[in-house]
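Residues per chain are reported as follows:
Number of protein chains: 2
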Amino acid sequence: MPHETALSEIETFLGDRLVRSKSDRALHGQNEAWFPEMLPDAVAYPETTAEVARIVGICARHGCPVTPWGAGSSLEGHALAAGGGISLDMGRMNRILAIRAEDMQAVVQPGVTRRALARELRATGLMFPVDPGADASLGGMAATRASGTTTVRYGTMRDNVMGLEVVLADGRVIRTGSGARKSAAGYDLTGLFVGSEGTLGIITELTLRLHGQPEAVTAATCAFDDFEAAVATVIATIQMGIRMARIEFVDETTAAIFNRVNGTALPEKPHLMVEFHGSARSAEEDAERFGEVVADHGGAGFAWAGTAEERNRLWRMRHDAYRACLASRPGCIGLVTDICVPISKLAEAVRETRADIAASGLPGPIVGHVGDGNFHAALLIERGNAAELATAKALAHRMAERALRLGGTITGEHGIGLGKKDLMALEHGAGWALMAQIKRALDPAGILNPGKVVETKA
Amino acid sequence: MPHETALSEIETFLGDRLVRSKSDRALHGQNEAWFPEMLPDAVAYPETTAEVARIVGICARHGCPVTPWGAGSSLEGHALAAGGGISLDMGRMNRILAIRAEDMQAVVQPGVTRRALARELRATGLMFPVDPGADASLGGMAATRASGTTTVRYGTMRDNVMGLEVVLADGRVIRTGSGARKSAAGYDLTGLFVGSEGTLGIITELTLRLHGQPEAVTAATCAFDDFEAAVATVIATIQMGIRMARIEFVDETTAAIFNRVNGTALPEKPHLMVEFHGSARSAEEDAERFGEVVADHGGAGFAWAGTAEERNRLWRMRHDAYRACLASRPGCIGLVTDICVPISKLAEAVRETRADIAASGLPGPIVGHVGDGNFHAALLIERGNAAELATAKALAHRMAERALRLGGTITGEHGIGLGKKDLMALEHGAGWALMAQIKRALDPAGILNPGKVVETKA
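For the record, the sequence lines run as chains V and Y. Following my numbering, the numbering of the first sequence begins with 1 at its first residue and continues without gaps. Following my numbering, the numbering of the second sequence begins with 1 at its first residue and continues without gaps.
I should point out that these hints are in silico values taken from the structure, not numbers from a laboratory. Hints should not be assumed to be uniformly reliable.
The list cannot tell twin chains apart, which means a pair is met if one copy fits it or any two copies do.
Under the rule of at most 20 Å between Cα atoms (straight-line distance), these lysine to any residue pairs were calculated in the SDA-like manner [as the list claims (entries may be wrong)]:
{"hint": "1", "residue 1": "Lys457", "residue 2": "Ala441"}
{"hint": "2", "residue 1": "Lys457", "residue 2": "Arg100"}
{"hint": "3", "residue 1": "Lys22", "residue 2": "Asp422"}
{"hint": "4", "residue 1": "Lys421", "residue 2": "Arg405"}
{"hint": "5", "residue 1": "Lys345", "residue 2": "Arg209"}
{"hint": "6", "residue 1": "Lys421", "residue 2": "Thr456"}
{"hint": "7", "residue 1": "Lys345", "residue 2": "Gly29"}
{"hint": "8", "residue 1": "Lys345", "residue 2": "Ala229"}
{"hint": "9", "residue 1": "Lys345", "residue 2": "Glu102"}
{"hint": "10", "residue 1": "Lys22", "residue 2": "Arg122"}
{"hint": "11", "residue 1": "Lys345", "residue 2": "Ala295"}
{"hint": "12", "residue 1": "Lys421", "residue 2": "Ile174"}
{"hint": "13", "residue 1": "Lys345", "residue 2": "His211"}
{"hint": "14", "residue 1": "Lys421", "residue 2": "Arg313"}
{"hint": "15", "residue 1": "Lys421", "residue 2": "Gly83"}
{"hint": "16", "residue 1": "Lys345", "residue 2": "Glu288"}
Computed from a predicted model, the values in this text were never measured in an experiment.
Given only the sequences and the hints, what does the whole structure look like? Please build it.
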């Protein structure tokens, strides 16, 4: 077996928490997207930072790759052990270590999922807002700089991770950040690790910024005759300074899928789904002003989700959109790609993408966190159909190129993983080489999630 | 002359914009704080990114230090050419290159000052909120991760710089970030350069996030019998979710100095100065709710600054606090130090610091951006009095240690510069060595602002 020396050495202290069974390896060789199975040589289940440090130290000595695994919900193959070696399953490091209500902070292990933290916070009056839809692990969300429906108001993981404990490639353990809300004390190491996709270090603890649960929440859906009117509504809403907590675009294809899969009776038109947070008075005011903007743009079918239950149903439907899309074409897999553009270019980006999807012949519903200029196309391809996969890949590539042409980025939130490395030079130019310099400085042996984000070979 | 080869080579294309006169060198050897004069060997005034790249490339070949100079308003000696070589004055790169109102972005050269940008934005309905008080250059503000009075609402430079153009230590030019509001495309290089104090690269262009000018602004001052009541008011305000745009603490010593220097008639007690931004309705609601919190904590002397002119007078007074403090002890210089702690520890940090200042015998007014847990002590020392300087340094050192003991950071916004490098290991442990690894990877010859932030010698 490859890397046998490293594995045996790790087994001496991890015991049966180092697993070489085919089934466990297969479970960690899967992904939520279109990437083929990639089996690690073994799966390790550490329970402490010290164990992670020891594992990484051994791997560094023997040149054995280590790829961290959170909840496996990545859409770009981040957690696949593309170079073999160890899949480091952080699922047993799933304790909430502290909730500091006065300072609005939580300290968690990386295996805690978003929903587990939400449950724990429910009674505190606080919340952790970053919401990528999937019940991702918070370690994975930090590693991929996740964002989602509430980012327009509360920011991404970049904005909501205050500090980290990280195991470096040589087994050293560092702490970044502090309990203070800001700092000017040296390089922003927290920011460097957030979004580094496990290639610079393994996150073993996170200090998160919490927010107050809003006193009042209002949510609504509304339909538009065309997507341009929906997008124009978003832009006008932003320009008027109306503070949205969520503003989601759902195209007519997705609305039709919702009706079919969820039994709703939405008009089969482009929709916006919005939510406002504030005091009773301010949330009402925001909703009123938004209603006026919608009316100005010919929006109709305005439906308020008045109760918490109705709102939950609304957002569950939005979150399950990917699964509903997959269900709409039996036997398919999804190539879901995301781009993010300056808000002034959003209509153009969506228009060109719609035309491209229509020309491809693939089903490709579009949804998006449009308040950020971010949208996704879920390209539904027949499993095993190489021609459709090639078509989808080419389309995703053109979307990314389009984002760059419009001054945006090849991914707003899904990250690079295995899917977008070939676009990095296009986006960053010499900056991509700089990222590789940083990678080589921090992980000279190249053992941490090899093959992702950067190209370290000359 | 040291570095003569490099200087002569630069002179061939910079001509009389490479200056070796004593007066110009002296001007760039000064600082706003207590650091002794440190003369560069020459001052360079580049006008384009290409010139900066050429200068840095030459310096790299000849091992000549390059220390960027913005407006010289740093309080920790960042811009002093501690290692000699070239002071790179960015003041002629002071053009606003684009204001993209629809995307709420501005593209500026690094020598544009905060107030110059504010003037340009006045008619657009947009604003750039980061406000450190001094009319700093935006390049310098990014390089030092500046923040200030409005950070409690709008964030620091970390949150408001979307992208950069940077000249690397070998003369290569990279662009970081994009025009999109978020990205998950690789390492956060923007975040790495923001706060790196010119030690990793020279910022030659910035894309800034703008915000809408608030529809309504209300501001007020109120006095408390003791600082504990003022701090408790801040904590309660945050916990109630009242959205402050500014919330500043000013101690009784500072209030007395304001009266003396500005002719105001403030009660000589601890004060809070606050500002609320929003729609007419929401700003009024916030102000009302804040008024209730103040009353609950025994606050009095509540004075609203109703007009824009009254507000400007209020904030000018706050911004000029440092100068007023200096004026209050003729012939003195200031050692102004800042720390930042979790909000729950703010009262403890202020209490211990007040006692320490009282015991030192030095005048030491305290002001602070208390909504962030950040406060400053301006220790006023007689020019040339070594004993007083030593006392002030020891006191600042204890403040930093106190911040760390309370879970905070040695500097919330003033940065490291020359003043706080000896505290970096204490705050970051092995993380400080990691910063040095990054520095060595990006600037192997150590020419960029040498002697600051990290220790690269083994």
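Evaluation of the provided hints:
1. Lys457 - Ala441: This pair counts as both: shortest intra-copy Cα distance 13 Å, inter-copy 16 Å.
2. Lys457 - Arg100: neither (44 Å within a copy, 39 Å between copies)
3. Lys22 - Asp422: neither (31 Å within a copy, 52 Å between copies)
4. Lys421 - Arg405: within (18 Å within a copy, 43 Å between copies)
5. Lys345 - Arg209: between (31 Å within a copy, 16 Å between copies)
6. Lys421 - Thr456: Classified as within: same-chain Cα gap 12 Å, cross-chain 32 Å, threshold 20 Å.
7. Lys345 - Gly29: neither (38 Å within a copy, 46 Å between copies)
8. Lys345 - Ala229: Within. Shortest intra-copy distance 14 Å satisfies the 20 Å Cα cut-off; inter-copy 49 Å does not.
9. Lys345 - Glu102: between (41 Å within a copy, 10 Å between copies)
10. Lys22 - Arg122: neither (39 Å within a copy, 65 Å between copies)
11. Lys345 - Ala295: neither (23 Å within a copy, 49 Å between copies)
12. Lys421 - Ile174: Between copies only: 18 Å across chains, 28 Å inside a chain, cut-off 20 Å.
13. Lys345 - His211: Answer is between: at 19 Å across copies they meet the 20 Å cutoff, but 31 Å inside does not.
14. Lys421 - Arg313: neither (36 Å within a copy, 53 Å between copies)
15. Lys421 - Gly83: within (15 Å within a copy, 40 Å between copies)
16. Lys345 - Glu288: Classified as neither; 27 Å inside a copy, 40 Å across copies.
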